[in-house]
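Asks: Sequence:
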Amino acid sequence: VRLWVITLSMPDNTIYAGEKYRLRVQFPNDYPTSPPSVYFMNPTPRHEHVYTNGDICLSLLGKDWRPIMTASSVAQAIMSILCGAQRKSLPMDNARHAGNKPGKKQDDWVYHDDNC
151 VRLWVITLSM PDNTIYAGEK YRLRVQFPND YPTSPPSVYF MNPTPRHEHV YTNGDICLSL
211 LGKDWRPIMT ASSVAQAIMS ILCGAQRKSL PMDNARHAGN KPGKKQDDWV YHDDNC
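Numbering-wise (our numbering), the sequence shown opens with residue 151 and increments by one.
Treat the hints with care, since some could be wrong.
Said to hold, decoys possible - List of simulated lysine-lysine pairs, DSSO-like, C-alpha gap at most 30 Å:
#1 254 to 170
#2 170 to 255
#3 251 to 213
#4 238 to 213
#5 170 to 213
#6 251 to 170
#7 251 to 238
#8 213 to 255
#9 254 to 238
#10 170 to 238
#11 238 to 255
#12 213 to 254
These aren't lab readings, by the way, just hints derived from the structure by calculation.
Go ahead and model the full structure; you've got the sequences and the hints to work with.
Replies: Here is the structure:
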């Protein structure tokens with residue numbers, strides 16, 4: 151099975167308390183050498199690293215991918231950035247990116263925040 155949908159149920163002690171989000175995870179033929187395509191299905195969380203088209207600005211999905219990583223570890227990393235959010239906001243370049251088809255390779259992405 152090369153396509154998964156993972157549901158994230160947000161804990162009570164976060165700004166997303168009680169909300170649920172779905173991740174679409176598509177595994178390429180050369181997985182785990184290459185990262186899976188991962189993005190949020192609608193509705194997307196309002197977060198500074200999540201574009202309104204569902205793309206997630208996370209270096210683990212691009213330049214920092216390692217074959218030892220799993221879909222579970224990626225989902226945990228995404229859950230962690232959501233749980234750590236202090237406010238709901240859009241990425242600074244959302245208007246430019248939001249019209250793109252989600253889930254494309256992040257080979258040429260510039261990551262704005264090295265802390266997540």
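Asks: Against this structure, judge whether each hint is valid.
Replies: Structure-based check of each hint:
no. : hint       : result
1   : 254 to 170 : holds (23 Å)
2   : 170 to 255 : holds (25 Å)
3   : 251 to 213 : holds (20 Å)
4   : 238 to 213 : holds (26 Å)
5   : 170 to 213 : holds (28 Å)
6   : 251 to 170 : holds (22 Å)
7   : 251 to 238 : holds (23 Å)
8   : 213 to 255 : holds (10 Å)
9   : 254 to 238 : holds (24 Å)
10  : 170 to 238 : holds (15 Å)
11  : 238 to 255 : holds (26 Å)
12  : 213 to 254 : holds (13 Å)
Violated hints for the displayed structure: none, as all numbered hints are satisfied.
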